[in-house]
Amino acid sequence: MDELYAEAHHWEVNTGGETIHAKRMPGKWRRIKWLAASVWLIFFLGPYVQWNGRQAVLFDIPNRQYHLFGVTVLPQDFWMLSLLLLFFAILLAVATALAGRVYCGYFCFQTVWTDVFTWIEERLEGSPPQRRKLDKAPVDARKLRIKVLKHAIWLVIGFLTGFSFVAWFYGAGPLWRDFFVGGANAAVYASVALFTFGTYLLAGWLREQVCFWLCPYARIQGVMLDKSTVVPAYDVTRGEPRGRVKKGEIEETRTTGDCVDCNQCVAVCPTGVDIRNGQQEGCITCGLCIDACNAVMDKVGRPRGLIRYASLDELEGESVKPMLLRPRVWVYTAILALALSGIIYGLSTLAAIELKVLHERAPLYVQLSDGSIQNKYTLKILNKSETDLKVGISAEAPVPLTLMGAEEPIAVKHGEVTPAIVFIKIGRSDLDGERLPVTFVATTQLPDGTQVSAERENAFFGPSR
Amino acid sequence: MAEHNPFPGENNTGHFWDDNIRELNNPPPQWWMIALWASLAWFILYGILYPMFPVLPWQSQEGGGFTKGILGWSSIKEYEQGVEQVEEVRAQYEDQIAGMSAEEILDDPGLTQYTLASAKVLFGDYCSACHGSGGQGNPGYPVLADDNWLYGGSLAKIQESITNGRKGAMTAHKDILTEAEADTLANWVVEMGETQGEGGSEAGWKLYNEKGCNACHGAEANGVLAELPDGSIVTVGAANLRDSIWRFRPGGYESAKHTILYGVNQPAVEQTRDAVMPAFGDAAGSLDGKLEPDQIKKLAVYVHSLGGGQ
Ligand code: SF4
Ligand code: SF4
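Here the protein sequences line up with chains A and B, keeping their order.
Heads up, our numbering is the position in the first sequence plus 194, with the first residue counted as 1.
Heads up, our numbering is the position in the second sequence plus 13, with the first residue counted as 1.
Since the hints were made in silico from the structure, they are not lab data.
All residues carry an ideal CB built from backbone N, CA and C; glycine is no exception.
Heads up, some of the hints might be wrong.
Unchecked claim - Covered stretches of chain B, as calculated for chain A (at least 3 residues, CB under 8 Å):
| # | region |
| --- | --- |
| 1 | 37-46 |
| 2 | 138-151 |
| 3 | 211-218 |
| 4 | 246-257 |
| 5 | 311-321 |
Generate the whole structure from the sequences, applying the supplied hints.
Structure, rendered in structure tokens:
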């Protein structure tokens with residue numbers, strides 16, 4: 195019983211009562227972190243990339259057209275989006291199974307933006323002790339100046355975040371033109387405001403609390419680890435019993451473990467975790483404690499790697515399964531490959547036109563005065579190309595037929611679906627069944643001269659016999 | 014509850030049982046509490062801005078109800094705004110249609126699409142009860158999707174039919190014809206329909222002309238009395254007997270004989286066929302002028318496009 199309480203006692207949960215001011219230390223993982231973070235520059239600069247005289251990537255929601263470089267995707271192709279989501283979900287799963295929450299530690303926007311925000315904080319307010327002191331100090335002109343400046347910069351970053359986000363949807367050019375003169379629509383202003391304030395709140399104030407209490411990924415990823423997952427871990431056998439370096443003690447005869455109990459690993463942790471307690475929910479596997487401990491080990495002349503990327507199996511001295519022998523890796527990789535090939539197939543087969551055929555139900559068929567049978571069809575022609583097209587329609591069946599209503603090519607505006615009503619007439623004597631297969635073919639010529647066509651099967655109905 | 018805390022320095026709440034069981038203090042994260050109070054504030058603010066709180070009966074003038082909110086929002090107002098927006102979009106088309114003839118509408122693919130969509134509703138309300146949802150007809154009511162028209166299938170004729178209605182008439186021949194004659198004629202009509210008018214028996218043709226059928230159905234038995242120089246035809250709405258289409262379904266010998274014997278729209282004859290198309294326009298005898306000329310124009314375009322417009 196007492197043990198239970200003892201454990202509860204030292205198991206402190208970070209509920210955000212106290213701001214965590216993490217120390218910044220240079221090192222290998224710190225560099226990797228900046229490198230990974232810099233990928234987010236694409237988010238800010240991407241909208242300015244042009245392609246064929248248009249924004250390279252533009253999600254034009256009002257017009258329901260999604261431009262990805264040379265490709266235009268319409269809502270009809272959205273099955274690819276689900277594959278894309280599947281791809282990323284599985285990618286997250288693979289990464290987590292192999293190396294834990296790498297996404298959290300290096301790439302997550304919450305981590306990256308928080309990192310930038312605290313970097314600014316350090317520039318303005320100084321090291322963690324200085325920051326803590328400033329927080330406690332009474333308000334004076336200096337404190338006010340520093341704090342106002344800091345929050346202003348945070349808000350500017352928040353604004354840039356929102357502005358860049360909207361630019362992907364609204365177009366960077368039009369946004370710069372409209373935004374500052376009040377010419378954009380309410381949704382634009384609301385989105386930018388939401389992002390500005392959201393970024394400021396999440397990266398400036400909530401920080402690691404988001405990872406602890408808000409983020410669903412954090413919880414999902416937590417259960418995807420197993421004993422062979424490689425995560426930043428403290429080598430207990432090597433480190434314990436921890437003890438400070440005593441003056442005059444000879445390295446060869448010391449009774450303590452390698453850990454010098456300097457608490458540097460805790461000081462640098464952005465989520466306030468003590469990794470020496472083992473793998474835990476708060477750890478976002480950013481590797482910063484590895485940098486810190488390595489620096490300390492270098493100083494006291496002990497080998498690096500007391501905290502290192504290691505699996506639980508490795509730390510417990512069990513054999514480490516090679517990555518390729520783990521079924522998880524295979525299953526995940528197979529799903530990834532499937533999703534990816536689906537997307538590639540989809541993007542490579544995006545046709546310029548699409549044809550849908552709806553058969554009229556009431557009446558299913560009509561008898562004409564000369565005894566022949568007529569069926570009515572509504573064709574829906576979708577033009578996914580960049581220009582307006584003239585689409586010719588033809589129809590084929592095993593018996594002679596007359597197609598009416600498609601004598602002239604049908605004009606279809608780009609990005610639009612144009613319905614056209616056509617009739618097929620088949621002579622009574624030619625009709626040798628209640629139901630005949632009919633194939634409609636839509637053919638058009640693109641401006642560059644290529645012929646494209648789309649086909650659709652349907653049926654012709656006649657009276658029962 | 015113990016007087017003093019036997020576990021100093023521990024994060025307990027000061028509640029103890031059995032000496033050593035105690036309640037630890039694990040507060041929710043601070044921002045949770047902030048969010049809680051913020052939601053409460055939001056709730057109150059929302060209640061001030063929007064209709065929300067029930068009011069006790071004696072407190073409100075209308076007796077019962079709810080607080081109206083200072084923004085004055087109501088769902089019916091939002092609905093009305095939505096309707097206004099739709100009307101605005103429709104007005105662009107309606108204004109154009111008002112100044113156009115049905116033929117001009119049919120020449121403009123965009124307007125045709127609008128007209129078909131809009132007339133579909135009218136057709137459902139006024140026409141489909143008799144003619145079927147897709148113009149497929151019903152027993153006793155003509156098919157609108159075929160190419161057979163008693164009164165002409167041009168846009169103008171269709172508009173005329175909707176506006177003024179139609180009421181054909183055919184004498185009952187039960188007192189004029191003998192049983193055998195009626196048989197001959199009924200069989201002749203079936204033969205005519207099956208052979209596109211080529212295979213009618215001599216006896217049938219003879220009776221047809223003798224008994225005056227040709228007065229309405231025409232010399233050729235195709236329902237046409239005369240052809241005018243401009244190509245239009247003169248008809249009294251009598252059926253074309255040379256085609257495969259039966260005005261009164263199911264068609265065939267029995268059906269044809271019934272029509273011959275009892276006629277169409279003969280008030281004095283008990284088993285006569287009823288065949289009345291009411292007038293939907295403003296003309297005398299209309300159903301209170303149910304449809305506006307523009308609506309009739311749209312319906313004509315719709316019916317014309319069902320499959321057999323001429
Ligand atoms: S314990 Fe180490 S790896 Fe985990 S979050 Fe803290 S510093 Fe990063
Ligand atoms: S940084 Fe390394 S030596 Fe220092 S307390 Fe942490 S584990 Fe021990």
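Structure-based check of each hint:
1. 37-46: holds (count 8)
2. 138-151: holds (count 6)
3. 211-218: violated (count 0)
4. 246-257: Contact hint for the region 246-257 of chain B vs chain A: holds, 3 residues under 8 Å.
5. 311-321: It holds: at least three residues are needed, and the region 311-321 of chain B offers 4 whose Cβ sits within less than 8 Å of chain A.
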